[in-house]
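Position 219 (the sequence shown) corresponds to 219 in full-length UniProt numbering; numbering is contiguous.
Derived from the structure by calculation, the hints contain no laboratory data. Heads up, some of the hints might be wrong.
[What the hints assert, rightly or not] 20 angstroms max Cα-Cα, derived EDC-like pairs, lysine to aspartate or glutamate: (1) K432 / E327; (2) K432 / E484; (3) K144 / D198; (4) K403 / E558; (5) K526 / D103; (6) K410 / E274; (7) K316 / E514; (8) K410 / D557; (9) K144 / E274; (10) K441 / E558; (11) K526 / E442; (12) K316 / E274; (13) K465 / E484; (14) K417 / E558; (15) K312 / D296; (16) K144 / D156; (17) K277 / D241; (18) K378 / E558; (19) K243 / D301; (20) K153 / E181; (21) K378 / D557; (22) K465 / E493; (23) K464 / E484; (24) K465 / E442; (25) K316 / E327; (26) K441 / E327; (27) K144 / E99; (28) K417 / D463; (29) K346 / E514; (30) K108 / D129; (31) K465 / E327; (32) K432 / D301; (33) K312 / D376; (34) K277 / E248; (35) K526 / E514; (36) K464 / E530; (37) K411 / D342; (38) K526 / E99; (39) K410 / D426; (40) K417 / D376.
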Amino acid sequence: MGKRSTRIAPHDGDGSREDQRGTPSSLARSISPPSRSKKRRLLPPPSSQTADPPPDDEETSSEAEQEEDKPSKEQGKPTPQQIFKSPFQLTKIRDLPAESNIDAVTLKDILGDPLIAECWEFNYLHNIDFLMGHFDSDVRHLVKVHLVHGFWKREDANRLALQEQASRYSNVVVHAAFMPEMFGTHHSKMMILLRHDDTAQIIIHTANMIIRDWTNMTQAVWRSPLLPRLSSAANTKSGDDFKIGSGEKFKVDFLNYLYSYDTRRVTCGPIAEELRKYDFSAIRGSLIASVPGRHDIRDGDMPTRWGWAAVKQALKAVPIHTDQKPEIAIQISSIATLGPTDTWLKNTLFSTFSGGLRRPPSGGPSSSLALAPNPDFKVIFPTPDEIRVSLDGYQSGGSIHTKIQSPQQKKQLQYLKPMFCHWANDTSGGAKLPNYGGVDKEAGRKHAAPHIKTYIRYYGNNDKKLIDWALLTSANLSKQAWGEAPSSTSSGEIVRISSYEIGVLMWPELLAGEETSAVMCPTFMKDTPEPTPDGQSSPIVGLRMPYNLPLQRYGKDEVPWVATADYDEPDWMGQMWTSWD
1 MGKRSTRIAP HDGDGSREDQ RGTPSSLARS ISPPSRSKKR RLLPPPSSQT ADPPPDDEET
61 SSEAEQEEDK PSKEQGKPTP QQIFKSPFQL TKIRDLPAES NIDAVTLKDI LGDPLIAECW
121 EFNYLHNIDF LMGHFDSDVR HLVKVHLVHG FWKREDANRL ALQEQASRYS NVVVHAAFMP
181 EMFGTHHSKM MILLRHDDTA QIIIHTANMI IRDWTNMTQA VWRSPLLPRL SSAANTKSGD
241 DFKIGSGEKF KVDFLNYLYS YDTRRVTCGP IAEELRKYDF SAIRGSLIAS VPGRHDIRDG
301 DMPTRWGWAA VKQALKAVPI HTDQKPEIAI QISSIATLGP TDTWLKNTLF STFSGGLRRP
361 PSGGPSSSLA LAPNPDFKVI FPTPDEIRVS LDGYQSGGSI HTKIQSPQQK KQLQYLKPMF
421 CHWANDTSGG AKLPNYGGVD KEAGRKHAAP HIKTYIRYYG NNDKKLIDWA LLTSANLSKQ
481 AWGEAPSSTS SGEIVRISSY EIGVLMWPEL LAGEETSAVM CPTFMKDTPE PTPDGQSSPI
541 VGLRMPYNLP LQRYGKDEVP WVATADYDEP DWMGQMWTSW D
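Based on the provided sequences and hints, a complete structural model is requested.
Next comes the structure, spelled out in structure tokens:
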């Protein structure tokens, strides 16, 4: 097998399949928008010379299923048993059976509503044909689409490919984000939807906008409720005036994130100004984002923190259990160069994630701000064997990155190795699973290679783990994503961040009500948790698990998958891997 590049370019084929239905479902329902107090300008249809968009590659879920999955009904209104669905969903895996895709979401579910009038799509890799193919076929030539990328070099092949694809659609505008850091990336994965019914929606997820990421890779999606238009002028208070986790605080931070794109030229200012007119109060979650630059974390006038400083600020409001040794699982798809010692990892990142609001062991209201007993940190990352048996075999490894070849990288491997855990917990070369008398919890994604990124704080025993908080994010394990250690200067305490990232932090009281003693528990193969057997009255919030529990540590001789290494052992499809580095 000769040298080949396995980088996924946004101009990859869309892989769509012909729709065999005689009549599109969209034609069987009205798409006329309700009257608006302010009409949104729609662009005219493309000329006859414009290439037809690709056919829909997925069936749209039934309207009843879409209604059931709307976040506005999932997040804010408990069932009579006080049971709440998971605040985020896994994406559908094409080559897994239906029982593994219960409650899973497709891109068509997100973009297929004919009431969508405008879409802002933020990502690292894009395939415009693939994106456009998921809008309703009757309105996709009318939806005003803005695409934000980070390919700042004018001769960049990815940038040129996007421009060529966009030229085929009269309703697509491409924006290059300002990238002040040479080694930074525009890594945020997000969509903003404006609708004809005077509502807006924010979608934060983990997938590149390319076919591979939405087929056989494990991904997740957080969807806001439909946000209604305000009846009066937008609130102009600062973020310090609102409670962490509230929709109002989320709005301040989200708009500040969008305004950060306009450092050199107007990019996202128009959509930020439009979103000021919408009511975010139904959102429950803390925005955790990164924007490139040098940020003074001692600046009291800065209402929004970025990177690890955003996590540190948010966790001050999150109750944590300190009566049992906690465990924090960091599950990512890329590990950058962190340094030959673990100084940054432990003193900056781990110290940040160890924070929280102490919850008394006997229950009752949370009290003093404190650092809990040091959590046991685990890093979930696949090995070569797990990549070989994944649904796409070695091809999925092109999206999963770390390096262990250089002397510095080998030193990094030494301090990470004791923390490494498998993506799947049934690997023959892995360490023996703990014997706790319980049964393994099957998430149904062990053969769908992980591109999802989650940071989850657990407490309790192996047979009954519960969750203090969970973060779904685009941010991998890197200084570029989270920020360097702070450096003291004459102008302040400066943290340098290189990349754009975005995520949402969630905890049980936020979703079930702060006046309750809610618990968050892992759910497997579905989004809704089971009632507690003992009939406890505490509200239960589910969290859909992307991986099996308990976690399996690496075996003595195991190392992580490295995309820049060569692998002669064939994957399950008989292919070998020759690196592109």
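Hints, verified against the model:
1. K432 / E327: Within the cut-off at roughly 18 angstroms; holds.
2. K432 / E484: Violated: K432 and E484 sit about 36 angstroms apart, past 20 angstroms.
3. K144 / D198: Within the cut-off at roughly 15 angstroms; holds.
4. K403 / E558: holds (14 angstroms)
5. K526 / D103: Between K526 and D103 the Cα gap is close to 6 angstroms, so the pair holds against 20 angstroms.
6. K410 / E274: With Cα atoms ~49 angstroms apart, K410 and E274 exceed 20 angstroms; violated.
7. K316 / E514: holds (15 angstroms)
8. K410 / D557: holds (14 angstroms)
9. K144 / E274: holds (14 angstroms)
10. K441 / E558: Violated, at about 23 angstroms.
11. K526 / E442: holds (11 angstroms)
12. K316 / E274: violated (31 angstroms)
13. K465 / E484: violated (32 angstroms)
14. K417 / E558: holds (9 angstroms)
15. K312 / D296: holds (14 angstroms)
16. K144 / D156: violated (25 angstroms)
17. K277 / D241: holds (19 angstroms)
18. K378 / E558: holds (15 angstroms)
19. K243 / D301: Distance of about 17 angstroms is within 20 angstroms: holds.
20. K153 / E181: holds (13 angstroms)
21. K378 / D557: holds (18 angstroms)
22. K465 / E493: Measuring from Cα to Cα gives roughly 38 angstroms; hence the hint is violated.
23. K464 / E484: Violated: K464 and E484 sit about 36 angstroms apart, past 20 angstroms.
24. K465 / E442: Cα-Cα ~14 angstroms, so holds.
25. K316 / E327: holds (18 angstroms)
26. K441 / E327: holds (17 angstroms)
27. K144 / E99: Violated, because 36 angstroms separates the two Cα atoms, which is more than 20 angstroms.
28. K417 / D463: violated (25 angstroms)
29. K346 / E514: violated (31 angstroms)
30. K108 / D129: Holds - the C-alpha atoms of D129 and K108 are around 14 angstroms apart, at most 20 angstroms.
31. K465 / E327: holds (10 angstroms)
32. K432 / D301: violated (51 angstroms)
33. K312 / D376: holds (18 angstroms)
34. K277 / E248: Distance ~12 angstroms between K277 and E248 Cα, so the pair holds.
35. K526 / E514: Cα-Cα ~25 angstroms, so violated.
36. K464 / E530: Roughly 13 angstroms between the alpha carbons, so the hint for K464 and E530 holds.
37. K411 / D342: It holds: about 9 angstroms lies between the C-alpha atoms, which stays within 20 angstroms.
38. K526 / E99: Status holds; Cα separation ~9 angstroms.
39. K410 / D426: violated (26 angstroms)
40. K417 / D376: With Cα atoms ~14 angstroms apart, K417 and D376 stay inside 20 angstroms; holds.
Figure legend: structure checked against the earlier numbered hints; hints not met, in rising order: 2, 6, 10, 12, 13, 16, 22, 23, 27, 28, 29, 32, 35 and 39.
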